Amino acid sequence: MPSSVPLSEQLRWQCRRGMLELDFVLERYLDNHYDAADEAEKLLFKELLTAQDPELQIWILNGESHPRAEFQALINKIRGI
Amino acid sequence: MALNKRRFDALIIGAGGAGLNAATQLANTDARVAVVSKVFPTRSHTVAAQGGVNAALANVLPDNWHWHMFDTVKGSDYLGDQDAIEFMCREAIPTVYELEHNGVPFSRLDNGKIYQRAFGGQSQDFGGAQAARTCAAADRTGHAILHTLYQQNVRARTHFFDEYFAIDLIKDDEGAILGALIMEIETGEPLLIEAKATVLATGGCGQVYRTTSNAHINTGDGNAMALRAGIPMMDMEFYQFHPTGIAGRGMLITEGVRGEGGYLVNKDGERFMERYAPNAKDLASRDVVSRAIVTEVKEGRGCGPDGDHVLLKVDHLGEEIVSKRLPGIRESGKIFAGVDAAQEPLPVFPTAHYIMGGIPTDPYGRVIVPEGTGEEIVPGLYAAGECACVSVHGANRLGGNSLLDILVFGRAAGLDVLENLKENKNHRPMNETSVEAAMSRLTRWDQTGDGISVRELRDEFRKTMEDHAGVFRTEEIMAEGVEKLKALRDKLPDVRLSDQSKVFNTARVEALELENLFDTGIAIAYSALMRKESRGAHSRPDYPDRNDAEWMKHSLYFREGDRMDYKPVRTKPLTVETFPPKERVY
Chain A
1 MPSSVPLSEQ LRWQCRRGML ELDFVLERYL DNHYDAADEA EKLLFKELLT
51 AQDPELQIWI LNGESHPRAE FQALINKIRG I
Chain B
1 MALNKRRFDA LIIGAGGAGL NAATQLANTD ARVAVVSKVF PTRSHTVAAQ
51 GGVNAALANV LPDNWHWHMF DTVKGSDYLG DQDAIEFMCR EAIPTVYELE
101 HNGVPFSRLD NGKIYQRAFG GQSQDFGGAQ AARTCAAADR TGHAILHTLY
151 QQNVRARTHF FDEYFAIDLI KDDEGAILGA LIMEIETGEP LLIEAKATVL
201 ATGGCGQVYR TTSNAHINTG DGNAMALRAG IPMMDMEFYQ FHPTGIAGRG
251 MLITEGVRGE GGYLVNKDGE RFMERYAPNA KDLASRDVVS RAIVTEVKEG
301 RGCGPDGDHV LLKVDHLGEE IVSKRLPGIR ESGKIFAGVD AAQEPLPVFP
351 TAHYIMGGIP TDPYGRVIVP EGTGEEIVPG LYAAGECACV SVHGANRLGG
401 NSLLDILVFG RAAGLDVLEN LKENKNHRPM NETSVEAAMS RLTRWDQTGD
451 GISVRELRDE FRKTMEDHAG VFRTEEIMAE GVEKLKALRD KLPDVRLSDQ
501 SKVFNTARVE ALELENLFDT GIAIAYSALM RKESRGAHSR PDYPDRNDAE
551 WMKHSLYFRE GDRMDYKPVR TKPLTVETFP PKERVY
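Protein chains in written order, with the working numbering: chain A, 1 to 81; chain B, 1 to 586.
Everything labelled a hint here was simulated from the structure, so no lab data went into it. All values derive from a computational prediction rather than experimental measurement. For every residue, glycine included, the Cβ atom is placed at its ideal position computed from N, Cα and C. Careful, some of the hints might be misleading.
Claimed, not checked - Counterexamples of contact, computed for chain A against chain B with all Cβ distances above 10 angstroms:
no.	residue
1	7
2	39
3	52
4	65
What the hints assert, rightly or not - Heads up, simulated DSBU-like pairs for lysine-lysine below, C-alpha to C-alpha not over 35 angstroms straight-line:
no.	chain 1	residue 1	chain 2	residue 2
5	A	46	B	5
6	B	572	B	532
7	B	532	B	281
8	B	502	B	5
9	B	532	B	567
10	A	77	B	113
11	B	486	A	42
12	B	502	B	486
13	A	77	B	281
14	B	502	A	46
15	A	77	B	267
16	A	77	B	567
17	B	572	A	46
18	A	77	A	46
What the hints assert, rightly or not - What the simulated footprint calls covered on chain A by chain B, stretch by stretch (three residues with Cβ under 8 angstroms from a Cβ of chain B suffice, anywhere in the stretch; the number is not a length):
no.	region
19	9-20
20	70-81
Next up, chain A with everything else stripped away, as it sits in the complex (with noise of 0.2 angstroms):
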């Protein structure tokens, strides 16, 4: 596996965030998800964490489109729905 993809233990502390609302869902996903997610899901969600709160609260809590489709699948799937 390249370096650049990285362990759900490194990730662990960027799904600390303002909101307990996004805490949730982030460690959710990484807990029972992440590591069975193939490189190119765990890249997509490495970039989604540097993204500010508030665009993840719009694209995950609220449910609006992620300007970039590849987002869509993984950000449904960390909805949980």
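Assemble the complex: chain A is given as a structure, and chain B must be docked to it using the hints.
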């Protein structure tokens, strides 16, 4: 290996609204400023504040800082210090204008002035008609403020230590604070930061409770560091709960749901609020609804396999109304509880939201401790924001006053640090004994062998806090709770980390946070047990009335010996007449 050291004029621990507004005051001066934050600054909990900031700008309706002051004193149930409240309500106006000039995109009226919305508890003319006092940047005020202040500091080259965890304050034999030991989270490496002034701005501590609306970062780190440095916590018994959080999770379900016709039921399907508040029913005040829910659970009428929550019904409104009027709640139910609120009821329980108490300070952010019959300033130490208690919220906080508190007193602390630096040109000599003590707090987690896990002890602690120092507070329940908490605290030395690696070891940070939760939570439990009256958010069925003769005073909890002390409320404002205590009726 030698301990790495850095020197700054000022050290600010915490990068939410209070910490960043303190840093902003220092940003364009010669002072060398370090800001330490355990998460990236714009991920601080201030980002979750969507409501707004109170300031009597009078842009929408007539207003006056003195009316704002009256509302705040009344809201505090007369436990707030009236000098600090006058200071805050006056300073609210220049503070909001300063934020505007720094670039916060406040929502505007057609005439270009800052838009202001009406919130509960705001009045004109000392208890008259509704006022409109809250300034907001759409529904993301907290984020807008954080982002603006962060950019200002980046531009001014404030030195940010992002993703560093503060271990402990360093102090000398005279009690002066010399800086802090911190740890880089990614590498586990400690770093000593020496500073002439240290500002604690670490936010709230909601994670002491099992059910809380606070983010996972809110673990009372600054409060615990202060306690370990011998500084008492003030008025910690005053904790604001919101009646409807998602059960076992804590996310807020707005009161608006009940306003739209939602109602609460117990396991028998009974609308139990009719028994507790025959007129207001589900729209009764927060503390009444919270206590009713906990009573139902305690008396065996809770829902679910463990009988530990009640249900909030909106499904009777029909799918169309739920989708149209409560879309956010429907989404929240699905995401956090796996429940479609349009089809079935939501599991709810009171959620811990905001602490009024904290590190005692004066209106300039300087930490103050009892000395003889009076008080003295702790040299080199400041605190601001939710971790501090100045005290402007007293026994209960008004909506829109929490962002105001962090901004006004973060600013005041920053400005006082500037004055302090003019007088104190040199660093005090380092105290190696104190550094070693802080280092031992870190190296303690290198111990190996079998033991209790952090998660196991944390879960037990948070459940005990919820059951015994939460909404329902009688002598019997709280006395039992204090004993249970002490017994759990005795288990702390037996906790071991299974992962001893230094790199990306989040478990090590969680262990350090657990110690902070214990110190802060026990301060809450003790203070609550000792206050034998009901005032503001502290409500006791066995002492149902406010007792001004005996209890119009601030609590002080000391960690050493779990000791309590008390000090008088400052009832004399700076320039105006005192608002004498009255019965609080809305």
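Evaluated hints:
1. The non-interface label for residue 7 of chain A is inconsistent with chain B: the shortest C-beta to C-beta separation is roughly 8 angstroms, within 10 angstroms.
2. No Cβ of chain B comes within 10 angstroms of the Cβ of residue 39 of chain A; the nearest lies about 19 angstroms off, and the non-interface call holds.
3. The Cβ of residue 52 of chain A sits about 6 angstroms from the closest Cβ of chain B, inside the 10 angstroms cut-off, so the non-interface label is violated.
4. Residue-level check passed: residue 65 of chain A sits 14 angstroms from the nearest beta carbon of chain B, beyond 10 angstroms.
5. Between residue 46 of chain A and residue 5 of chain B the CA atoms are separated by roughly 32 angstroms; this keeps the pair inside 35 angstroms, and the hint holds.
6. Straight-line distance between C-alpha atoms of residue 572 of chain B and residue 532 of chain B comes to about 25 angstroms, which keeps the hinted pair within the 35 angstroms bound.
7. Proposed proximity of residue 532 of chain B and residue 281 of chain B is supported: the alpha carbons are some 28 angstroms apart, at most 35 angstroms.
8. At most 35 angstroms may separate the alpha-carbon atoms for a hinted pair to count; residue 502 of chain B and residue 5 of chain B meet this at roughly 19 angstroms.
9. This hinted pair checks out: residue 532 of chain B and residue 567 of chain B have alpha carbons roughly 16 angstroms apart, not beyond 35 angstroms.
10. Annotation: proposed proximity of residue 77 of chain A to residue 113 of chain B is violated, straight-line Cα distance about 43 angstroms (limit 35 angstroms).
11. Between residue 486 of chain B and residue 42 of chain A the alpha-carbon distance is near 43 angstroms, which puts this suggested pair outside the 35 angstroms criterion.
12. As the CA atoms of residue 502 of chain B and residue 486 of chain B are separated by approximately 30 angstroms, the hinted pair is consistent with the 35 angstroms bound.
13. Our distance criterion of 35 angstroms between C-alpha atoms is broken by residue 77 of chain A and residue 281 of chain B, whose separation comes to about 39 angstroms.
14. Between residue 502 of chain B and residue 46 of chain A the alpha-carbon distance is near 22 angstroms, which keeps this suggested pair within the 35 angstroms criterion.
15. In summary, the hint linking residue 77 of chain A to residue 267 of chain B is supported, as the alpha carbons are separated by about 33 angstroms, within the 35 angstroms threshold.
16. Straight-line distance between C-alpha atoms of residue 77 of chain A and residue 567 of chain B comes to about 53 angstroms, which puts the hinted pair past the 35 angstroms bound.
17. Of the pairs offered as hints, the one joining residue 572 of chain B and residue 46 of chain A is violated, with about 54 angstroms between alpha carbons and a cut-off of 35 angstroms exceeded.
18. Taken as a hint, the residue 77 of chain A and residue 46 of chain A pair is honoured in the structure, with Cα atoms around 15 angstroms apart against an allowance of 35 angstroms.
19. Coverage of the region 9-20 of chain A by chain B holds [criterion: at least 3 residues with CB-CB distance below 8 angstroms; count 9].
20. Counting residues of the region 70-81 of chain A whose beta-carbon sits less than 8 angstroms from any beta-carbon of chain B gives 3, enough to reach three: the coverage restraint holds.
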